[in-house]
Structures are given as C-alpha cells and as structure tokens.
Amino acid sequence: MLSPEKAGKEGACKSSSSQSHWKLKMDIKHVKDYIYWLYYQYLLITCSYVLEPWEQSMFHTITVTVFAMVVYTAYVFVPIHVRLAFEFFSQIFGGQPDSTVSIVN
Amino acid sequence: MKMSFLTFWKNGVSNGTLYKKTFIEHFEQAPMYVAVLTFVGFGVGTIFGYLRDFMRAWGLEKRNIAEEREQQKDFVPLYQDFENFYTRNLYMRIRDNWNRPICSVPGPQFDLMERVTDDYNWTFRFTGRTIKNVINMGSYNYLGFAETEPNALKTVTKELQKYGTGICSTRQEMGTLDKHVELEKLVAKFLGVDDAMVFGMGFATNSMNIPALVGKGCLILSDELNHTSLVLGARLSGATIRIFKHNNMQSLEKLLRDAIIYGQPRSRRAWRKIIILVEGIYSMEGSIVRLPEIVSLKKKYKAYLYLDEAHSIGAVGATGRGVVEYFGMSPDDVDVLMGTFTKSFGAAGGYIAGKKDLVDFLRTHSHSAVYATSMCPPVAEQIIRAMKCLMGLDGTTQGLQRVRQLGKNTRYFRRRLHEMGFIIYGNDDSPVVPLLLYMPGKIGAFARRMLEKNIGVVVVGFPATPITESRARFCVSAAHTREMLDTVLNALDELGDFLQLKYSRYSKSSHPELYEETRFELED
Numbered sequence: 001m002l003s004p005e006k007a008g009k010e011g012a013c014k015s016s017s018s019q020s021h022w023k024l025k026m027d028i029k030h031v032k033d034y035i036y037w038l039y040y041q042y043l044l045i046t047c048s049y050v051l052e053p054w055e056q057s058m059f060h061t062i063t064v065t066v067f068a069m070v071v072y073t074a075y076v077f078v079p080i081h082v083r084l085a086f087e088f089f090s091q092i093f094g095g096q097p098d099s100t101v102s103i104v105n
Numbered sequence: 001m002k003m004s005f006l007t008f009w010k011n012g013v014s015n016g017t018l019y020k021k022t023f024i025e026h027f028e029q030a031p032m033y034v035a036v037l038t039f040v041g042f043g044v045g046t047i048f049g050y051l052r053d054f055m056r057a058w059g060l061e062k063r064n065i066a067e068e069r070e071q072q073k074d075f076v077p078l079y080q081d082f083e084n085f086y087t088r089n090l091y092m093r094i095r096d097n098w099n100r101p102i103c104s105v106p107g108p109q110f111d112l113m114e115r116v117t118d119d120y121n122w123t124f125r126f127t128g129r130t131i132k133n134v135i136n137m138g139s140y141n142y143l144g145f146a147e148t149e150p151n152a153l154k155t156v157t158k159e160l161q162k163y164g165t166g167i168c169s170t171r172q173e174m175g176t177l178d179k180h181v182e183l184e185k186l187v188a189k190f191l192g193v194d195d196a197m198v199f200g201m202g203f204a205t206n207s208m209n210i211p212a213l214v215g216k217g218c219l220i221l222s223d224e225l226n227h228t229s230l231v232l233g234a235r236l237s238g239a240t241i242r243i244f245k246h247n248n249m250q251s252l253e254k255l256l257r258d259a260i261i262y263g264q265p266r267s268r269r270a271w272r273k274i275i276i277l278v279e280g281i282y283s284m285e286g287s288i289v290r291l292p293e294i295v296s297l298k299k300k301y302k303a304y305l306y307l308d309e310a311h312s313i314g315a316v317g318a319t320g321r322g323v324v325e326y327f328g329m330s331p332d333d334v335d336v337l338m339g340t341f342t343k344s345f346g347a348a349g350g351y352i353a354g355k356k357d358l359v360d361f362l363r364t365h366s367h368s369a370v371y372a373t374s375m376c377p378p379v380a381e382q383i384i385r386a387m388k389c390l391m392g393l394d395g396t397t398q399g400l401q402r403v404r405q406l407g408k409n410t411r412y413f414r415r416r417l418h419e420m421g422f423i424i425y426g427n428d429d430s431p432v433v434p435l436l437l438y439m440p441g442k443i444g445a446f447a448r449r450m451l452e453k454n455i456g457v458v459v460v461g462f463p464a465t466p467i468t469e470s471r472a473r474f475c476v477s478a479a480h481t482r483e484m485l486d487t488v489l490n491a492l493d494e495l496g497d498f499l500q501l502k503y504s505r506y507s508k509s510s511h512p513e514l515y516e517e518t519r520f521e522l523e524d
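Chains as they are written, first to last, in the UniProt record's numbering: chain A, 1 to 105; chain B, 1 to 524.
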C-alpha cells in the first residue's frame, strides 16, 4: 500500500545501508584472508606446515615465547642503551671544556 | 647453489663456428634470503626429527619404521645414517605426493586413484573413487604416443594376437624375433647409423652395456649430474671414474689433459681407453649437452663418446632425431648412441646404435643380450609404428606435426613461466621444465594444491636434487592443447602468488597481459 516514491526511497535507503554493510563484511573478509595468508607464509617458511598438529602447537608456543622475550628485552633495555651511548659520544666530542670552566667560578 | 649466468652464445663469437644457432641456458640463483629460509626450514625439520626419534627410542611413541630385531641391537646400526633419518622424519611427512597410482593411460589427461591416510602417511587407504581428467604434467610423454585410440593401435593389436606377450627366452637362445630384426633396422635408419641393437629395459641398457665396453685400466669421464643407470654401469665396469662439472667444458678439458699427461695412477701407463659419458637432456636440470664442443674435445684428445639420449630422442631436433640433429652434426661423430623408447615412443626398452662392429661386439658380449629377456613383440610393434610415423613412412605428416607441436608448446610454456617471474632451469628448447621451489615446506603444499586444482605434477626433493634446490618438474607434451597449457599456467600464476614462488629478478613484467605485442603468434 505504500506509494511508489516512498517505497523507492525506503528501498534506496535499505539498499545503500545493506551495500555499506556488505562492503564492511567484504573488508573484514579481506583482512581475515590476508591474516590467514600471512599465517600460511609463516607455516611454509619455517617448515611447520609438514608437522603434525601437536608438534605445530609446541613449535608455535616456543616461537611465540621467544618472540615475546625478544620484544620485552628490547622494550626494557634498548632506550637505556641508546641514551648511554648518546651521552658517551657527546662527552667525547664536546664535554671537557664545560667542566673546567664551571669549577673556577 | 649454482653460479648464476645467462649464457648467450651467438653464431660462433666465443668458440669459432661450432654452434649454428643460439644456445641459451638459465641457471638463475635465488636471492640470499631464500637460501637462509630454506636452511631454517630444514633446521626445524631436523630438530623435530631428533625429537621424534628420541620418543621412538624411549617407547613414548609407536614405531612404524624399519628397525633391527631385538637380537641385533648390539650389531652395527643399520638405520642411523642421514639418509634413513631424512626418510623417516622428513620424507614420510609429505609422502602422499609420490607413488600416486594412476588408473588410465598416461596421456595428456589421466585418472588418479584417490588415497587418504589416517596416520600421517605411514599407511594409505583407497577410498574407491577415482579423480578423473587430471592434467598430466609429469609423464614423459613428449610426442603423445601414449594413446589408446584403436585406429592408432591397429598394428599393435594385430601383432599381439599373432605373437602373444611372452618371449620366454634371451636374445642369444631363442628370443630373437623377426620383429626385433625389423625394429633394429628401422632404428639404424632413423638415426642414420650402421646398425643398432634393442634391449628390453632402458635402465638395463646402460647398466649392462657399459661394463661390456670398458673395464679395468680404462678411464670414464662422467658428468656430475648423470643418471643412476650410467653411474651404476660405470661402477660395475671396474674402470676409474672421474667427474667433471655439469656441462662445463673447461673442467672436462682439464681432466682430459691430466689423463693424457699423467696416465694411470701408479704405473703412469697410458689409459687403455678414455670414454666420456654424457646425456642429451638432463632430466633434473632441463639442460642440453654442449655436443659440438665435446665432439671437438674428443677428436683432439682421442677419447670415445657415449651419448645417452633417453630424454632427447624424439623430443629435440627438427625431425625428432635427437641432439645430434639439433646441433646439425653427423651421427658418425658420436661413438655410442644410446637411447630409450620409454619417453618419446610410449613403449619400453632401450637401444644402442653405432658402427657395425660395435653392435656386433655387443650382441655377443653384453650381459643384457646374453642373460636378459628380450623386448616383447607388441611393444616392439608400438615402437615400429611410432618411428614410422615420425619418419613419415606411414604416408602422413603426423610425426612431423607432433615434433613441431612439441617445440611450440615448449617455447610457449617456458616463455610464459619466465614472464611470470618463476625461476626455471635449463635450455630454452628442452621440454623438461624444472621450476624451483627451494623451501621444504613448499614442496608438499605445491603438489597438494595443484592436485586440488586437478593438475598432476612431479615434485622432487633431496636425494635426487641438491638439498637446497627442491623443484617441481614439468614435462611438456605434444598432446597438450593450448587450453590445457593455459589452465596449468593460470593455476601456476595463482599458486605462485599464494605460495610466494616468484623469486626471479629478471622477469619481464608482473602483468604480461599489458604487453599486447607479445600476444601475436604466427600459426603454421
């Protein structure tokens, strides 16, 4: 019983929202496919593709653990080392004259 | 890893007028990260191999492998070397890609029996279904003579009804049929030599005849990548074997010079005979032998040449007469021409051809002639009809058309693969196309995914190739139509992107469809 215009507008609204909804779903699918593809490349490169499932779980656990430890160590220690190295090199090139002048005054 | 060079020799610039046409070979080396990742993959496989062996030794896991009996535990261990370790722990995991039973003629398409495994490839079980019309890129069916058309097999069925299948004797006793005599005359005429002799099995032709030709006190110079039959024949003969680098003429010349200057190892006497063993097309590399240079070296240093044309007879050359015709040389230059009928003729068996005295000598002195059963008559008839077709003696030009179709298919397939960016080894004219996969994880993935797309390929790994260079080997056939090759190429394109196999740094373009001018081809 709706007039054709109203039906057309409502239909248009519905189709555009369903279209954007569909596009969002397609994007999510693309992202999921891409992540699956990255995971598959990791399996091929490390030859864990040929392992049995329990071996794969063990290998993934070890890899993730080692990777987490590397990331944590980098997070904790790298800034400190960088700052110390910067201080060391700046001391060599411009540090001495400043210190002798300050004592006299 | 091989040295990388794109060798381009044009009409005698480098070596006089030996080569009448360009000789282009590719042996591109992959980027460094590929080698590193291949070793990483093998490292992971080895670590897990040790883990599984440990579990098997301590009873934590059921043992499915061959092992010694309880009473033999204190003997010298049988299964601890690297080859057995590799077989147990790496080969078994992807074993379902080999030994697949087929249930139809191995033409351009065939049927496979479907096989599943419940315990990770230790045992297989047939489901009863067959996978139909799988495109065949693995069979050595270069000219497409493996066919079941009744018209083509008319003479073969007639001979089968006349002679039956069994010979029940050796050549020397009562096994020489008139079919063999007819076949030998035809083979000699085909190759342009004096005489030929045929044997029932191609492998046995090499391994049983080389010991008859050379013995102790002789020197065998054999190519690095020679087939096992040649290696076995050389070892059985008892002669000294020296190996030169694959297709490398400088290495061969150095060995020849050293052999002639220094003679035998301790007595310094001259060698009784120096024989060079090479193949026409090497089946794992797809490279063609450098025949003109070898012949000039052989003439200079007075050595003999044994050419194994297993893959090249029927497949190269303007009329299918092998590498001798491909380089435009005369068959008198090669002392022993050997070949097999398994590949291009759709039959079984091998031949040795050459001068009449050579073949007469072999008839009495070859182990294969004296002890092995001769070729069975329907198979001999199949070879006769295939050869007559090739030579044009049956009144049609079908043979020549097949050879030309094979050449076209080969060049098209190789060109497209190069354009797509895969690393392909070998000469541009050889129908054997090895595509490099490198990483062990990709071997199984590639073969399984190609079978899902209904294409059957052969993948090769460690014992047959160097450990870091695993490959997939395609054998182009004259029976493949353009559509089949396009299907395979599209599947390879997709799979190459998915598995990241396009390692080449010299590819023309990653989007070949944008280059319109390469689409025009002159059809015969």
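What the hints contain is simulated information worked out from the structure, not anything from laboratory work. Ideal Cβ placement from N, Cα and C applies to all residues, glycine included. Honestly, I wouldn't trust all of these hints.
What the hints assert, rightly or not - Ranges of calculated distance between the beta carbons of each label pair, as one might list FRET restraints:
| no. | chain 1 | residue 1 | chain 2 | residue 2 | range |
| --- | --- | --- | --- | --- | --- |
| 1 | B | A57 | A | T73 | 31 to 39 Å |
| 2 | B | Y79 | A | D27 | 51 to 59 Å |
| 3 | A | I80 | B | P463 | 34 to 42 Å |
| 4 | B | M32 | A | M69 | 57 to 65 Å |
| 5 | A | Q19 | B | T481 | 49 to 57 Å |
| 6 | B | D111 | A | V70 | 45 to 53 Å |
| 7 | B | T123 | A | D33 | 49 to 57 Å |
| 8 | A | Y34 | B | M32 | 23 to 31 Å |
| 9 | B | R95 | A | F67 | 26 to 34 Å |
| 10 | A | V70 | B | T481 | 48 to 56 Å |
| 11 | A | T73 | B | D111 | 33 to 41 Å |
| 12 | A | Q41 | B | R95 | 35 to 43 Å |
| 13 | A | Y34 | B | R95 | 30 to 38 Å |
What the hints assert, rightly or not - Covered stretches of chain B (in silico footprint by chain A; criterion: 3 or more residues with CB under 8 Å from a CB of chain A, positions within the stretch not fixed):
| no. | segment |
| --- | --- |
| 14 | 28-41 |
| 15 | 80-94 |
| 16 | 216-228 |
| 17 | 494-500 |
Going down the list of hints, with the structure as the test:
no.: 1; hint: B:A57 <-> A:T73: 31 to 39 Å; in the structure: holds (36 Å)
no.: 2; hint: B:Y79 <-> A:D27: 51 to 59 Å; in the structure: holds (54 Å)
no.: 3; hint: A:I80 <-> B:P463: 34 to 42 Å; in the structure: violated (52 Å)
no.: 4; hint: B:M32 <-> A:M69: 57 to 65 Å; in the structure: violated (27 Å)
no.: 5; hint: A:Q19 <-> B:T481: 49 to 57 Å; in the structure: violated (42 Å)
no.: 6; hint: B:D111 <-> A:V70: 45 to 53 Å; in the structure: holds (51 Å)
no.: 7; hint: B:T123 <-> A:D33: 49 to 57 Å; in the structure: violated (35 Å)
no.: 8; hint: A:Y34 <-> B:M32: 23 to 31 Å; in the structure: holds (26 Å)
no.: 9; hint: B:R95 <-> A:F67: 26 to 34 Å; in the structure: holds (32 Å)
no.: 10; hint: A:V70 <-> B:T481: 48 to 56 Å; in the structure: holds (54 Å)
no.: 11; hint: A:T73 <-> B:D111: 33 to 41 Å; in the structure: violated (57 Å)
no.: 12; hint: A:Q41 <-> B:R95: 35 to 43 Å; in the structure: violated (24 Å)
no.: 13; hint: A:Y34 <-> B:R95: 30 to 38 Å; in the structure: holds (32 Å)
no.: 14; hint: 28-41; in the structure: holds (count 3)
no.: 15; hint: 80-94; in the structure: holds (count 3)
no.: 16; hint: 216-228; in the structure: violated (count 0)
no.: 17; hint: 494-500; in the structure: holds (count 3)
The structure does not agree with the numbered hints 3, 4, 5, 7, 11, 12 and 16 stated previously, though it agrees with the rest.
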